[in-house]
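Enquirer: Single-letter residue listing:
Protein chains: 2
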Amino acid sequence: MKTSCPLPKFDFDVITLGHGGGGLLTHRLLQNGVFDILGNDLLDQQHDGASFPLSGNVAFSTDSYVISPFIFPGGNIGELAVNGTVNDLAMCGAIPKYLSLSFIIEEGLSMSDFFQVLLSIKQAAHKAEVKIVTGDTKVVEQGKGDKLFINTSGIGIIHPGASIHHKRIKPGDQIIVSGCIATHGIAIMSVRKGLEFETTIVSDTVNLNHTITGLLDRFGNDIKFLRDPTRGGIASVLNEVAELTRLGFSIDQNNLPIMEQVEGACEMLGLDPLYVANEGIFIAIVNRNVATDFLAQLNADSNGTEAAIIGEVTLDHPGKVVMKSRIGGKRVVNFLTGDQLPRIC
Amino acid sequence: MKTSCPLPKFDFDVITLGHGGGGLLTHRLLQNGVFDILGNDLLDQQHDGASFPLSGNVAFSTDSYVISPFIFPGGNIGELAVNGTVNDLAMCGAIPKYLSLSFIIEEGLSMSDFFQVLLSIKQAAHKAEVKIVTGDTKVVEQGKGDKLFINTSGIGIIHPGASIHHKRIKPGDQIIVSGCIATHGIAIMSVRKGLEFETTIVSDTVNLNHTITGLLDRFGNDIKFLRDPTRGGIASVLNEVAELTRLGFSIDQNNLPIMEQVEGACEMLGLDPLYVANEGIFIAIVNRNVATDFLAQLNADSNGTEAAIIGEVTLDHPGKVVMKSRIGGKRVVNFLTGDQLPRIC
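Keeping their order, the protein sequence lines are chains G and W.
Every letter in the first sequence is one number past the one before it in full-length UniProt numbering, and letter 206, counting from 1, is 206.
Every letter in the second sequence is one number past the one before it in full-length UniProt numbering, and letter 228, counting from 1, is 228.
Mixed in with the good hints there might be a few duds.
A pair counts as met if it fits within one copy or between any two copies, since identical chains are not told apart.
[Stated by the list, open to error] SDA-like, lysine to any residue: derived pairs with alpha carbons at most 20 Å apart:
id, residue 1, residue 2
1, K320, H27
2, K97, L54
3, K97, P160
4, K97, I157
5, K193, D11
6, K97, S55
7, K131, G56
8, K167, Q31
9, K167, G39
10, K330, R28
11, K170, D272
12, K122, I37
13, K97, P53
14, K167, L42
15, K320, L24
16, K330, L271
17, K167, F35
18, K170, Q45
19, K131, S55
20, K167, D44
21, K167, D41
22, K320, Q46
23, K167, Q46
24, K127, D301
Simulated from the structure, these hints should not be mistaken for lab results.
Since this is a predicted model, take the numbers as computed values, not measurements.
Chain G with its partners taken away, still in its complex shape (with noise of 0.2 Å):
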């Protein structure tokens, strides 16, 4: 993401290994920069923690982000580890309130860059509405990481209607997809292997939080079941679901939303678009009845717009996914073996 904003003044043009010895230069990389530009009420506490009070029931998660290259179409790392926690959290059915930020970066990272980091992080939880209040910096040799690698892990409140658990998946669910497959992967990927488009292919990454929030006040608990299918794409989601489950998810190909442009550069690098990452969309399972209303305010949404209902789950088939070929045959989704696309996120 490009910003106008100007950036701190310091003495290195790089990180170095002194900058993670928790000495002097960590200490000025913190005061004069990272907290300038992340400061808030509760990272301004500068203890080994946070504090803050909270009451109900929460969700705790994490992840750690390496994708490579590290700056990318559509955003950088710093946005997708927001994003990517945020996400996780609101697909279990919370309101992200929280995120710890931790770095491991490589000895040499130019300053320039990782402040456009920062700065995408700053924007990022400014838009998902989430504080980010602790952290940690390490530094490793060069040769020892890939520049930067950052984790998030994040706390939020679990929506009051929400009621999210894949026991609660009945036979007759409708299965929706929220948007595009494939996106992120092949802006990614498109760019590791130089490929080139009329129109530049960019991530999905966004924080779907909000969008998640409206689906909940309205449609509460028939919505039984929400993940994003980030690495692994959505046949590993619907293979977990399915394993977890013991029934079955019958998908037809015909309704999967994918872009033209994606879906050509699939076949150009031999990749299957149900295998490939995604940042920006999700998979919902919802009762039967609610399904046409859950789309309709969905495709209402703009992080919804290519929403559509993909498939239901049945007593066929259990344990496994099917998908309806547009030519009509139907085929076992496997798990994915091995890694088609390392790094993606």
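Chain W: place on chain G using the hints.
Expert: Leaving out everything else, chain W in the frame of chain G:
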């Protein structure tokens, strides 16, 4: 930490990129390994995050661990990652409850090393009485990481008697260190440099939460400040708090507990023990009236047998740390410049 538990059988001797792909290999590693070892009612929810009820004032902390070597005299990165975050929460005056656990693994890490670390995590969590409730596993290519990095984030409940804040520190308050300084740093450095001593110097990594709870139970708000002096050593902690409070911090070298072998190793390596990392000790700043009783309780605890009052807070030299040396001279103890011991935690 040695263990005699049998390790699960895997088709692979090492972690591959596929184990981080979100597909079948990731699924198997989690189902047949990680969940078996670390499983509990909350982790077993197997969602994008864990959900549980919580109420009160909470503390939230995060740290990434990049120590090299990741298996070292006295422990490994697994227990270090549990104890480190448990201790950070304790230093906030909290009773640690829930941890997240996130791995960044370099492709090629041996499966047996990974499971040795997992078993240490299990044991450390058990000892500290915390639950690992949510996690993440990423794998990066060879040469893009260094065997194993771990992030733990944690949630604790603030002890009802705790009132830890640097703003409460007053002149006359006593500075206490709970044990011998510089042990962890020297244990790691002696392995890196191939130093041999008569007896092996081992890391002091340990969970301090039960010790802290006992002190908070009795001394409550007479405890003004707690901090574990990890990287940067006690000099960095005292400088940070001196800068925050604009008070002076006077310490007496004669009272600083340090093992003879550790002091000898510091001389040999040209390191000042004030700046060397610790893992199993803390600095407490307490009301002068309770200092003797506080010390007595600490000395009776296995984590505080070597505890000592090392100095006091003063109106002299505001914002500075001054040490009276063994031969009676005084010197300003500055912030560490650079990083004398990279990747010590």
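Enquirer: Does each hint fit the structure? Answer for all of them.
Expert: Hints versus structure:
no. : hint           : in the structure
1   : K320 with H27  : between (53 Å within a copy, 15 Å between copies)
2   : K97 with L54   : both (10 Å within a copy, 14 Å between copies)
3   : K97 with P160  : within (15 Å within a copy, 23 Å between copies)
4   : K97 with I157  : both (7 Å within a copy, 17 Å between copies)
5   : K193 with D11  : neither (36 Å within a copy, 31 Å between copies)
6   : K97 with S55   : both (12 Å within a copy, 15 Å between copies)
7   : K131 with G56  : both (18 Å within a copy, 19 Å between copies)
8   : K167 with Q31  : between (48 Å within a copy, 18 Å between copies)
9   : K167 with G39  : between (41 Å within a copy, 19 Å between copies)
10  : K330 with R28  : neither (60 Å within a copy, 26 Å between copies)
11  : K170 with D272 : neither (28 Å within a copy, 65 Å between copies)
12  : K122 with I37  : within (7 Å within a copy, 37 Å between copies)
13  : K97 with P53   : both (12 Å within a copy, 15 Å between copies)
14  : K167 with L42  : between (37 Å within a copy, 15 Å between copies)
15  : K320 with L24  : between (56 Å within a copy, 14 Å between copies)
16  : K330 with L271 : within (19 Å within a copy, 68 Å between copies)
17  : K167 with F35  : between (43 Å within a copy, 19 Å between copies)
18  : K170 with Q45  : between (47 Å within a copy, 18 Å between copies)
19  : K131 with S55  : both (17 Å within a copy, 19 Å between copies)
20  : K167 with D44  : between (42 Å within a copy, 13 Å between copies)
21  : K167 with D41  : between (40 Å within a copy, 15 Å between copies)
22  : K320 with Q46  : between (50 Å within a copy, 19 Å between copies)
23  : K167 with Q46  : between (42 Å within a copy, 12 Å between copies)
24  : K127 with D301 : within (15 Å within a copy, 48 Å between copies)
When each numbered hint is compared with the structure, violations occur for hints 5, 10, 11.
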